[in-house]
Amino acid sequence: MKIVPSLLLIVIMSFLTLMARQLDNGQAISVMIIGLLVMGAWLTGRIFARIKLPRISGYLLFGLIVGPSCWSLIPKDGFPEWIINTMPLVSRTQLDGLVFIKDLAISLIAITAGGEIKIEWLRKQLGTILILTFTAILIVWLLLSSSIFALQHFTSLAFLPEASEYGILIPILFLGLIGAGNSPSVAIAMITECKADGPLSKTLLAVTVCKDLLLVILFATMMAVSKGLLDSNTSLSGSFLLAVGAQLGGSILVGVLLGLVMAWFVSHVKDHLVFFIVGACFLFALLSEQYFYVAGHKIHLEVLLLAIAAGMTLQNLTPQISAPLFHTIEEMSLPIYCMFFAVAGAELNLSVFTSLNAAIAIFIVVGLRAFFIWSTMTATAKFLKLDEKWRNKLWLTFTPQAGITLALAVLLLSSFKDADGNSPLWATELHTLLLGLVAIHALCGPILTRLALVWSGEAGKAEGKGAAHH
Amino acid sequence: MRILFGLTIVVTLVFLASSKQFYGIRRTRLGAAFTTGGWMMVLIGLLLGPHISALVTKDQFYVLQPLVYFLLGWAGLVIGLQIDKRIISVIPKPVLKLSLNDFLPCIFITIIGLTIFLYYWMDQQVYPAIFISTVIAATLIGWSPEVRSLHIGRPDQQPIALAIRAVAGLGSIASVLLFGFATIFFTASNQSPTELTQITSTAPLEILAITLDSPAQMALDFILAIIVGIVMGLVGYWLIDIASNKNEGEFLVVLVGVVSFAAGAAATMGVASILVGMVTGVVLANLPERVLIRFKRVLVDAEQPVGMGIMLSAGLFADPLIGKLGIAIVIIIVLLRLLVKRIHVARNFKAVVNCPVSPTILNGLIRQNPLAIVIVIGFAISPMSHANPYLNGEQLLFCIILVGIFCEVWPLLTSDQPQPANVSSAVPTPTTPPTTPPASPPSDTDTTQEDSA
Chain A
1 MKIVPSLLLI VIMSFLTLMA RQLDNGQAIS VMIIGLLVMG AWLTGRIFAR
51 IKLPRISGYL LFGLIVGPSC WSLIPKDGFP EWIINTMPLV SRTQLDGLVF
101 IKDLAISLIA ITAGGEIKIE WLRKQLGTIL ILTFTAILIV WLLLSSSIFA
151 LQHFTSLAFL PEASEYGILI PILFLGLIGA GNSPSVAIAM ITECKADGPL
201 SKTLLAVTVC KDLLLVILFA TMMAVSKGLL DSNTSLSGSF LLAVGAQLGG
251 SILVGVLLGL VMAWFVSHVK DHLVFFIVGA CFLFALLSEQ YFYVAGHKIH
301 LEVLLLAIAA GMTLQNLTPQ ISAPLFHTIE EMSLPIYCMF FAVAGAELNL
351 SVFTSLNAAI AIFIVVGLRA FFIWSTMTAT AKFLKLDEKW RNKLWLTFTP
401 QAGITLALAV LLLSSFKDAD GNSPLWATEL HTLLLGLVAI HALCGPILTR
451 LALVWSGEAG KAEGKGAAHH
Chain B
471 MRILFGLTIV VTLVFLASSK QFYGIRRTRL GAAFTTGGWM MVLIGLLLGP
521 HISALVTKDQ FYVLQPLVYF LLGWAGLVIG LQIDKRIISV IPKPVLKLSL
571 NDFLPCIFIT IIGLTIFLYY WMDQQVYPAI FISTVIAATL IGWSPEVRSL
621 HIGRPDQQPI ALAIRAVAGL GSIASVLLFG FATIFFTASN QSPTELTQIT
671 STAPLEILAI TLDSPAQMAL DFILAIIVGI VMGLVGYWLI DIASNKNEGE
721 FLVVLVGVVS FAAGAAATMG VASILVGMVT GVVLANLPER VLIRFKRVLV
771 DAEQPVGMGI MLSAGLFADP LIGKLGIAIV IIIVLLRLLV KRIHVARNFK
821 AVVNCPVSPT ILNGLIRQNP LAIVIVIGFA ISPMSHANPY LNGEQLLFCI
871 ILVGIFCEVW PLLTSDQPQP ANVSSAVPTP TTPPTTPPAS PPSDTDTTQE
921 DSA
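Keeping their order, the protein sequence lines are chains A and B. Oh and the first sequence: position 131 is 131 in the working numbering, straight run, nothing missing. Oh and the second sequence: position 209 is 679 in the working numbering, straight run, nothing missing.
The following block holds chain A by itself, in its conformation from the complex:
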């Protein structure tokens, strides 16, 4: 591995992109940036692999460096004006333009995840999975929220401002809930990268998917209750539960149907699999953008659930037929992963750490979250009498946070806007806190997950995961 030439090449490509940014031709520069992100992330990932760190962390770090956040922290004195006017390499506008990459990647990652979950195994482990899921979400949520509330109430630390006459409760409950979640995409990507196979990997995958489901339900519930309490124009109503149920149930049902259609395509047409997969992923993204009304509430299909359900259907109903499909997905996944995680890295926001108070609050929440995840998962795993070989490492795999947390943070900010389009202070501060959490957990989480998979002895045990090795 030629580290110095790789770094030199990254610098040269970045410089060329910077020069081209001055001409900035709209969509044209986006193509160049895609090339920069793919090659730069891949080379950085290789450097990271050389020093025994996860490649995904390399992809994320590269994205962070070329993204808008890093540049905003650098003092501009001493730079020529043309650089100041042109940087960052990847601007917010361009990140917004790369949304189709994210859609494609999320669908691909989720189909892969679904394909890893076998119903037979799930049936045997259902009790364990459900207990771990509820513990990982409900108990951690409760503990995290209580401790932050206690710290805010009994110390001079001010995590969040109050939200109306309901005090600090609503923001803290949101913080605790979102903080309890973890990233399915990082989990899947790490299992694939480490070629891991075994009970820890299977449990991680199943629990993460179930946690995602539960998180969406609880988040929607919290949103409905909070809006009912904080907005005088909105009344509390149970119809939102129906809407949430329709959203989740509908996503799973449509996903299963699409999975059957995909299986039929593979068995009858047998060809053009790459094109078919790309088309299917875009279809999932397209479906998730469509809105429906149920019981007066606006809902949409969840792309993650759609794709996971499709992947599970393919794997469990038509495993023989679907094998070529999954093999093709593995072969084409590497450039998608590079781009996706580079974009995710570019979206991280480090400017939240410029405020000392915010930085302290973030690190405290990070510490509390880690402690509660460790304690609850370890205790639950012991209670369930899981294998000693991996039960103490399970908690490490629930540390990464990325896209879903960011998405919920943005949703929170946009959902409580007043008539003038302004978000309340508590929502803004909470958003800032969550961005900081994601920044740390996105960078450190994959490293901890890799450690867990290596220490448990599951890394490298997967068969036939050749091309997916990043």
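Simulated from the structure, these hints should not be mistaken for lab results. Please read these numbers as outputs of a predicted model, since none were measured by experiment. Mixed in with the good hints there might be a few duds.
[To be verified] FRET-style restraints, in silico, Cβ to Cβ:
| id | chain 1 | residue 1 | chain 2 | residue 2 | range |
| --- | --- | --- | --- | --- | --- |
| 1 | B | 626 | A | 289 | 50 to 60 Å |
| 2 | B | 554 | A | 374 | 39 to 49 Å |
| 3 | A | 253 | B | 625 | 55 to 65 Å |
[To be verified] Partner residues aside, some chain A positions facing chain B, computed with beta carbon under 8 Å:
| id | residue |
| --- | --- |
| 4 | 13 |
| 5 | 20 |
| 6 | 38 |
[Unchecked claim] List time: in silico DSS-like cross-link candidates among lysine-lysine, alpha-carbon distance up to 30 Å:
| id | chain 1 | residue 1 | chain 2 | residue 2 |
| --- | --- | --- | --- | --- |
| 7 | A | 102 | A | 417 |
| 8 | A | 2 | A | 52 |
| 9 | A | 382 | A | 202 |
| 10 | A | 298 | B | 555 |
| 11 | A | 227 | A | 298 |
| 12 | A | 102 | A | 461 |
| 13 | A | 2 | B | 766 |
| 14 | A | 102 | B | 555 |
| 15 | B | 555 | B | 766 |
| 16 | A | 202 | A | 102 |
| 17 | B | 528 | A | 102 |
| 18 | B | 555 | A | 195 |
| 19 | A | 417 | A | 52 |
| 20 | A | 195 | A | 52 |
| 21 | A | 118 | A | 382 |
Glycine is no exception: its CB is placed at the ideal position from the N, C-alpha and C atoms.
Following the hints, complete the assembly by docking chain B onto the known chain A.
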């Protein structure tokens, strides 16, 4: 409702495509011509596009435009990879002469004749008329490299197949160069296409003064395009060398990264992505081959999905409302193809191959190179596309699609050969993937397998 309508179209087409009846249709010569030419994907694109079901709207397609630049760059790369100096050096002189016999009339008759026609008879302004004529000239050069449907099976007919493929390959290179030069030539001026259209509407010859006023800019753009292509070729070679031999996904990363970067750099400079892609491919093709063997396999595997993507994009982009001007252009292009290839070039063709050539084969020379679609997609996404208010790039694309379909079908309809008893050699079986038009010839299945060997 819109999305359900679109989904219904897709599912119905997939269902039909896999049905026994459709396999039967594909086994006929007409069916094979329609499906193997990638026209099915064009049809799907048209059905899904903004003019029919609107499942994919113009705004959504705009978001996907980076993908289109990438596909153009890829097409150029594949063409460039064919330009191996070892192969070029052994092309017989008669074949080169045959190529010139085709290229030169296509270029000069089209650019001069069509411009005059558009200016005097169709009331078009000079600047857009010349540019459209040049783009059309680029699509006219050469022909389709596919030979199976021409029933060239006997050993003594091999020179015919080789001649067709060689001229098709050289034609692809010439098309890309012409389109690339045109893009540089017509955008060298600092004024926008709309401004240039207005200026030349009152003073047609002003076009010469304006474009020749900036030779330094043209030269710089051209040199920069070549330098970017060369640099990306060298970078690509080094990256392929360090990529793991055990993991073909890494080759795919290099391919996607290099092509995207090169295509994007080209587009940012206002140069055709396909030209820079081709230069990158030329560099790769002429470096030591040991590194590229496995990489080329990835490229070959990716050729079909990319070809399908290009044809789907063409269908999504194309605007079927071409009006009288569009219809006139379609007729003119078809007549030019008949005139230049079936009459003029066909006379010399027999002399070059030195063996009996059936009318079916000669009729096959009018078939359009799939690269024509790629060229016009490149035009459609360029700033010059909307310089002409009467025929924009999307409409011209539909015109070229119509020409392509007609030229594909006409040789079959006018062939005097009976349907062969065993059609499997000419028509793909249901388990054999239909050959979608590759980005560049020679790339039909026979040739691909020969190249891989």
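How the hints compare with the structure:
Hint check: residue 626/B to residue 289/A, Cβ distance near 59 Å, so the stated range 50 to 60 Å holds. As the Cβ distance of residue 554/B to residue 374/A is approximately 60 Å, the hint placing it in 39 to 49 Å is violated. A C-beta distance of roughly 59 Å is found between residue 253/A and residue 625/B, which places it inside the suggested range of 55 to 65 Å. Checking residue 13/A against chain B by beta carbon gives a least distance of about 7 Å; that is within 8 Å, so the hint holds.
Look at residue 20/A: its Cβ gets to within about 4 Å of chain B, closer than 8 Å, so that hint holds up. The beta carbon of residue 38/A comes within 4 Å of a beta carbon in chain B, closer than 8 Å, and the hint placing it at the interface holds. Our distance criterion of 30 Å between C-alpha atoms is met by residue 102/A and residue 417/A, whose separation comes to about 26 Å. Restraint check for residue 2/A and residue 52/A: satisfied, since their Cα atoms lie roughly 16 Å apart, inside the 30 Å limit.
Among the hinted pairs, residue 382/A with residue 202/A is consistent with the structure: their alpha-carbon atoms are about 18 Å apart, no more than 30 Å. As the CA atoms of residue 298/A and residue 555/B are separated by approximately 62 Å, the hinted pair breaks the 30 Å bound. A distance of roughly 15 Å separates the Cα atoms of residue 227/A and residue 298/A; the hinted pair therefore holds under the 30 Å criterion. Taking the CA atoms of residue 102/A and residue 461/A, the gap is near 29 Å; set against the 30 Å cutoff, the hint holds.
Pair hint residue 2/A plus residue 766/B holds up; C-alpha atoms about 23 Å apart against a cutoff of 30 Å. Among the hinted pairs, residue 102/A with residue 555/B is inconsistent with the structure: their alpha-carbon atoms are about 41 Å apart, more than 30 Å. Under the criterion of a C-alpha separation no larger than 30 Å, the hint pairing residue 555/B with residue 766/B is consistent with the structure, at around 17 Å. As the CA atoms of residue 202/A and residue 102/A are separated by approximately 25 Å, the hinted pair is consistent with the 30 Å bound.
A C-alpha spacing of about 20 Å is found between residue 528/B and residue 102/A, which places the hinted pair at or below 30 Å, so the restraint holds. Proximity of residue 555/B to residue 195/A is assessed by CA-CA distance (about 43 Å); at most 30 Å being required, the pair is judged violated. For a cut-off of 30 Å, the pair hint linking residue 417/A to residue 52/A is broken: about 45 Å separates their Cα positions. Pair hint residue 195/A plus residue 52/A holds up; C-alpha atoms about 15 Å apart against a cutoff of 30 Å.
For a cut-off of 30 Å, the pair hint linking residue 118/A to residue 382/A stands: about 24 Å separates their Cα positions.
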